[in-house]
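Peer 1: Here are the chains, one letter per residue:
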Amino acid sequence: MRVKAMQRGAEHLRETLSDLPKLQRNIDPKLHPFEQAREYTRALNATKLERVFAKPFVGALSGHTDGVFCMAKHPLRISSLLSGSCDGEIRLWNLVSEETIRTYNAHQGFVRGVCISPLGDYFISVGDDKHIKQWRLDYDAVDADLPINAIITKNSLTGCDHHRKDSQFATSGSVVELWDVHRSDPISTYSWGADTVTTVRFNPVETNILATCGSDRNIALYDIRGNTPMRKVILGMRSNAIAWNPMEAFNFTSVRIYRMSEGHSRDIYHTKRMQRIFTVKWSSDSKFIFCGSDETNIRIWKAEAAEKLGTLLPRERAALEYADKLKDSFKHHPAVKRIARHRHVPKAIHSAQKEKRIMVDARKTKEGKVRAHSKPGSVPFKIERKKHIVTQVK
Amino acid sequence: MSTAKKNQGGSKPARKPALRFFHVDSDGNDTRPSTSTASAAPLSDVDILAADLASASNARGGKRRHEPSADGASSSSNSNSNNRNKIKEDPVMLRAAKRARQYHRGLDQHAQEAASRGRPTAAAAADSDDDDHEDQEGHGDQDDQDDEDADPVISMATKEHTKRQQNALLQGVIAVNPSSAVPDKQSKGKGKGPSKDQDDGQPSLNSTVKAMYKNVDDKKLKARLEKNERQMYDSAMKAARAEVLLPAEAGFLEADGIEKTYQFKQAQIAANVDMSSANKMFELDLPTLGPYRMSYTRNGRHMVIAGKKGHVATFDWKTGKLGCELHLMETCRDVKWLHNETMFAVAQKKYVYIYDHSGTEIHCLRKHIDVNRLDFLPYHFLLVSVGNAGYLKYQDTSTGQLVVEHRTKLGSCDVMRHNPYNAVELLGHTNGTVTMWSPNMTTPLVKMLCHRCMYMTTAGLDGQMKVWDLRTYKELHSYYTPTPATSLDISQSGLLAVGHGPHIQVWKDALATKVRSPYMSHLVAGSIVSNMQFCPFEDVLGVGHARGISSLLVPGAGEANFDALEANPLQTKKQRQEAEVKSLLDKLQPNMITLDPWQLGTLRRNDANTQMAAAQAAEQAEQEAGMEYAPRQRSRGRSSTMRRYIRKQKNVMDENKLALKTKLDEERKARIQQQAGPSAQAPSKPTALDRFSFTRR
Numbered sequence: 006m007r008v009k010a011m012q013r014g015a016e017h018l019r020e021t022l023s024d025l026p027k028l029q030r031n032i033d034p035k036l037h038p039f040e041q042a043r044e045y046t047r048a049l050n051a052t053k054l055e056r057v058f059a060k061p062f063v064g065a066l067s068g069h070t071d072g073v074f075c076m077a078k079h080p081l082r083i084s085s086l087l088s089g090s091c092d093g094e095i096r097l098w099n100l101v102s103e104e105t106i107r108t109y110n111a112h113q114g115f116v117r118g119v120c121i122s123p124l125g126d127y128f129i130s131v132g133d134d135k136h137i138k139q140w141r142l143d144y145d146a147v148d149a150d151l152p153i154n155a156i157i158t159k160n161s162l163t164g165c166d167h168h169r170k171d172s173q174f175a176t177s178g179s180v181v182e183l184w185d186v187h188r189s190d191p192i193s194t195y196s197w198g199a200d201t202v203t204t205v206r207f208n209p210v211e212t213n214i215l216a217t218c219g220s221d222r223n224i225a226l227y228d229i230r231g232n233t234p235m236r237k238v239i240l241g242m243r244s245n246a247i248a249w250n251p252m253e254a255f256n257f258t259s260v261r262i263y264r265m266s267e268g269h270s271r272d273i274y275h276t277k278r279m280q281r282i283f284t285v286k287w288s289s290d291s292k293f294i295f296c297g298s299d300e301t302n303i304r305i306w307k308a309e310a311a312e313k314l315g316t317l318l319p320r321e322r323a324a325l326e327y328a329d330k331l332k333d334s335f336k337h338h339p340a341v342k343r344i345a346r347h348r349h350v351p352k353a354i355h356s357a358q359k360e361k362r363i364m365v366d367a368r369k370t371k372e373g374k375v376r377a378h379s380k381p382g383s384v385p386f387k388i389e390r391k392k393h394i395v396t397q398v399k
Numbered sequence: 128m129s130t131a132k133k134n135q136g137g138s139k140p141a142r143k144p145a146l147r148f149f150h151v152d153s154d155g156n157d158t159r160p161s162t163s164t165a166s167a168a169p170l171s172d173v174d175i176l177a178a179d180l181a182s183a184s185n186a187r188g189g190k191r192r193h194e195p196s197a198d199g200a201s202s203s204s205n206s207n208s209n210n211r212n213k214i215k216e217d218p219v220m221l222r223a224a225k226r227a228r229q230y231h232r233g234l235d236q237h238a239q240e241a242a243s244r245g246r247p248t249a250a251a252a253a254d255s256d257d258d259d260h261e262d263q264e265g266h267g268d269q270d271d272q273d274d275e276d277a278d279p280v281i282s283m284a285t286k287e288h289t290k291r292q293q294n295a296l297l298q299g300v301i302a303v304n305p306s307s308a309v310p311d312k313q314s315k316g317k318g319k320g321p322s323k324d325q326d327d328g329q330p331s332l333n334s335t336v337k338a339m340y341k342n343v344d345d346k347k348l349k350a351r352l353e354k355n356e357r358q359m360y361d362s363a364m365k366a367a368r369a370e371v372l373l374p375a376e377a378g379f380l381e382a383d384g385i386e387k388t389y390q391f392k393q394a395q396i397a398a399n400v401d402m403s404s405a406n407k408m409f410e411l412d413l414p415t416l417g418p419y420r421m422s423y424t425r426n427g428r429h430m431v432i433a434g435k436k437g438h439v440a441t442f443d444w445k446t447g448k449l450g451c452e453l454h455l456m457e458t459c460r461d462v463k464w465l466h467n468e469t470m471f472a473v474a475q476k477k478y479v480y481i482y483d484h485s486g487t488e489i490h491c492l493r494k495h496i497d498v499n500r501l502d503f504l505p506y507h508f509l510l511v512s513v514g515n516a517g518y519l520k521y522q523d524t525s526t527g528q529l530v531v532e533h534r535t536k537l538g539s540c541d542v543m544r545h546n547p548y549n550a551v552e553l554l555g556h557t558n559g560t561v562t563m564w565s566p567n568m569t570t571p572l573v574k575m576l577c578h579r580c581m582y583m584t585t586a587g588l589d590g591q592m593k594v595w596d597l598r599t600y601k602e603l604h605s606y607y608t609p610t611p612a613t614s615l616d617i618s619q620s621g622l623l624a625v626g627h628g629p630h631i632q633v634w635k636d637a638l639a640t641k642v643r644s645p646y647m648s649h650l651v652a653g654s655i656v657s658n659m660q661f662c663p664f665e666d667v668l669g670v671g672h673a674r675g676i677s678s679l680l681v682p683g684a685g686e687a688n689f690d691a692l693e694a695n696p697l698q699t700k701k702q703r704q705e706a707e708v709k710s711l712l713d714k715l716q717p718n719m720i721t722l723d724p725w726q727l728g729t730l731r732r733n734d735a736n737t738q739m740a741a742a743q744a745a746e747q748a749e750q751e752a753g754m755e756y757a758p759r760q761r762s763r764g765r766s767s768t769m770r771r772y773i774r775k776q777k778n779v780m781d782e783n784k785l786a787l788k789t790k791l792d793e794e795r796k797a798r799i800q801q802q803a804g805p806s807a808q809a810p811s812k813p814t815a816l817d818r819f820s821f822t823r824r
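Which chain is which? The protein sequence lines are A and B, in order.
Going left to right, the first sequence walks through residues 6 to 399 as this note's numbering numbers them.
Going left to right, the second sequence walks through residues 128 to 824 as this note's numbering numbers them.
Hints were generated in silico from the structure; no laboratory data involved.
In this text, a Cβ means the ideal position worked out from N, Cα and C, and glycines have one as well.
Keep in mind that the hints are not guaranteed to be accurate.
Using C-beta positions, here's what the derived DEER-type ranges look like [as the list claims (entries may be wrong)]:
1. A:53 with B:486: 31 to 41 Å
2. A:336 with B:712: 11 to 21 Å
3. B:527 with A:300: 44 to 54 Å
4. A:53 with B:372: 28 to 38 Å
Could you build all of it, start to finish, from the sequences and the hints given here?
Peer 2: Right, here's the structure in full:
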């Protein structure tokens with residue numbers, strides 16, 4: 006007779022009492038029944054918990070006495086932020102302590118744009134008073150309250166952006182002008198049509214490409230190495246702002262966050278007291294979002310509403326990663342989807358959404374009917390993203 | 128079946144038959160069974176087993192029948208020691224093969240390649256070294272059986288069986304195998320993956336995956352699907368490789384020379400195993416308050432026993448530490464642990480009571496009246512009871528709600544088990560039917576029983592124990608028990624324990640194949656076995672009998688490598704508390720109990736095309752069945768009581784009418800045949816004279 010009974014030896018036991026008890030795993034599926042049902046339950050719970058913990062508001066920077074119109078983040082210091090308000094004041098903020106470091110009385114009327122140089126040693130501001138001012142961005146200097154340089158232009162200005170590498174910056178207004186910080190005249194001037202340009206942005210990768218938004222619903226591209234504009238796209242609606250990547254967007258009195266590849270917003274942030282938002286910025290570590298609004302506050306939001314701030318223990322991190330994966334794999338399940346997509350929005354937005362939905366549906370219905378009664382192929386289907394482009398001009 | 132009978136001295140004339148117990152094995156297939164086959168005699172026990180993967184996949188479906196190749200034979204004869212050693216030689220490959228077979232539920236070709244690569248070792252072993260006629264014979268038997276079972280023949284057989292058992296008594300037990308759980312979904316034949324042998328062509332993983340989704344138009348979706356596919360394959364292979372790291376090995380019992388394993392006595396085994404294992408054998412001699420029923424916790428650490436006359440005790444059976452002991456002074460019909468060792472439920476004379484670990488009564492469930500059997504679904508936190516009134520009741524033990532109560536309409540019931548694969552409850556009734564229930568439907572799901580179950584074993588008062596293929600509802604093979612079996616249980620490794628009278632037999636590989644002799648046997652002298660349960664994660668079989676409790680050593684019964692996050696035999700108090708919270712968080716809702724536990728992840732296909740296809744299929748089926756819709760002529764105002772009565776009598780089928788009907792049918796057939804003439808019957812062979820005939824060639 007040869008016989009052996011199963012026995013469990015020392016390999017299952019901890020060596021000393023101070024050790025953690027050993028956790029033997031066996032991933033054999035027959036020991037894990039209802040695998041899918043249980044993972045679904047976990048995914049559902051994780052999604053619910055995400056909504057429970059979705060408390061994105063971190064803090065508010067108060068100090069401005071008028072609406073905050075523009076912001077710029079420091080390229081080198083994560084904890085610094087510049088903001089310009091509608092009364093012409095510019096403030097430099099310490100985000101950690103949520104305090105103002107310095108205040109500049111920059112312009113008469115609105116501060117229309119602020120941008121910081123790539124090395125963070127100075128910043129440029131433009132305002133309604135047709136001034137372009139250059140300021141020293143020095144945290145300790147005594148006389149930093151006064152501009153290093155000031156240029157008066159002929160036209161009113163609507164925005165500015167600094168080149169990513171060179172000491173050049175661009176301003177928008179009735180025309181787009183390219184400046185060098187060492188010169189008091191623009192290096193070059195671009196215009197295409199007679200309309201006002203509302204925004205100007207340098208491409209962070211192809212650093213010599215500029216994009217602008219115009220009031221005739223266009224988005225135009227310029228190459229600053231040449232003297233002519235490259236391309237113009239006319240859209241169905243006028244664009245207020247442009248950002249190369251990541252995408253930024255804002256809407257009435259709430260912040261919407263979009264994913265690059267998806268057509269719907271991922272999240273919406275709002276508070277009761279927040280009024281019109283003029284400016285939104287991501288923090289450099291992409292964990293926070295700042296928004297400056299009409300009622301003088303700059304608000305700090307978490308980029309992921311339910312994210313836990315601070316250090317995570319390894320087990321905690323593993324659990325969260327597992328939950329994320331589950332949420333992702335079950336995201337199309339109706340029950341999970343419903344919870345994950347549910348957002349409470351202000352009443353005004355909610356009713357506007359409903360109204361818009363009715364209009365869109367009606368349009369779709371009509372289009373469907375037209376298609377049904379036309380020659381096949383004469384009313385083609387149009388991709389949603391391309392619907393908004395009216396023409397392209399070269 | 129005949130072999131088995133002879134073998135075990137079964138030349139006795141068959142006694143009056145009745146189903147005594149019932150065993151069901153799960154596997155994936157789609158046939159719709161009818162209740163008729165199961166119905167016959169009262170049930171005394173039901174058990175569901177998922178055969179271990181190797182045998183399940185080999186024995187799967189009709190494939191095996193048509194190709195009783197070395198493959199099938201080899202894995203089925205795993206009990207053979209040579210064979211086992213051969214397999215042991217390459218454990219990684221074998222596990223990889225098993226794992227790969229599960230991979231993506233049969234969609235992947237490579238998985239099968241891996242599987243087939245792993246298998247030949249075993250197959251060769253079986254073919255070359257195997258002088259063992261038993262296996263071959265058993266297999267042959269089965270083939271015969273299968274061929275014979277081809278179609279109508281077998282249904283006849285079933286009918287016969289049913290008829291024979293019609294007036295027998297029922298009394299039953301159900302057991303469901305915990306290991307059974309993983310079905311091999313390859314058999315489902317989803318149309319995508321290759322389902323035939325692919326040992327020859329070996330396309331790369333890449334091309335296989337590409338081919339799988341070549342019809343997907345959306346490029347992004349296609350890329351994602353392909354990526355998923357690769358990841359799944361990788362993880363399956365990695366998991367298989369990681370299995371070598373598992374520390375423990377399963378036990379075994381092997382015979383040398385002319386010895387037979389079933390001849391070994393417990394005392395002999397105890398003398399030959401290590402001391403810690405020998406200590407797991409014990410006897411509790413409790414002659415006055417029996418017969419006893421018992422239950423192990425999910426991790427196998429604790430045991431609760433209940434004597435019919437009200438003696439209830441819980442203890443840590445390995446250390447012998449008593450938890451609590453109660454004398455309830457009234458009948459106790461069943462006892463069951465809840466999710467862990469802190470609570471247990473007892474079915475007492477009138478109500479069901481829940482006690483905590485110290486023996487304090489914490490709940491009296493007054494809605495559960497006159498209960499015979501209790502069951503607990505650990506992942507759903509549902510306590511299930513069935514009793515003399517035939518009501519099946521589900522009580523949520525986490526919220527305290529009575530989730531649902533179903534009227535079975537089949538009378539008193541004392542046979543209940545759940546299928547661990549899908550948490551469906553099986554009831555065995557006094558009319559011989561087995562019904563399957565979920566909380567979501569007020570009617571049994573029996574018709575879907577075969578969906579997951581491949582083997583069903585029945586044992587009747589005629590001393591027969593039969594194995595049925597539930598996909599076809601045909602008998603596969605049969606065993607013989609000298610006296611009717613009263614209890615059944617299946618271990619994690621797929622051993623089947625049968626208790627009849629004072630005898631206990633343990634069978635190995637008895638379901639997928641026909642085995643000649645039991646693996647082990649034991650006699651509880653002077654007593655009658657009332658209840659048996661294999662201890663999870665141990666090589667131990669707990670037996671409750673009329674004179675107390677016995678704990679027997681059955682090498683190779685338990686799963687050697689546990690998963691500490693599911694059920695941990697070495698659990699500390701802190702771990703138990705954490706596990707309780709986790710399992711409550713992961714609690715499955717009662718309405719998630721379905722026959723197919725993978726249903727959640729499937730697409731709902733109710734688009735227009737599918738609907739149309741379904742409608743067409745239904746129409747076609749109707750045409751084939753010769754049923755055409757004819758609107759009923761209703762005349763108004765003619766429904767007097769008398770007329771209604773007469774009309775109703777038309778539908779009553781009694782013996783006379785049936786006889787008349789068959790007679791008329793036969794006459795009609797004969798007439799048709801006669802009209803057609805002899806030539807219509809079969810074309811005769813061509814003859815030399817045919818060349819002169821211009822009429823028929």
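Peer 1: All hints, please: hold or fail.
Peer 2: These are the hints, each one checked on the structure:
no., hint, verdict
1, A:53 with B:486: 31 to 41 Å, "holds (38 Å)"
2, A:336 with B:712: 11 to 21 Å, "holds (20 Å)"
3, B:527 with A:300: 44 to 54 Å, "holds (51 Å)"
4, A:53 with B:372: 28 to 38 Å, "holds (36 Å)"
Hint violations for this structure: none, all hints satisfied.
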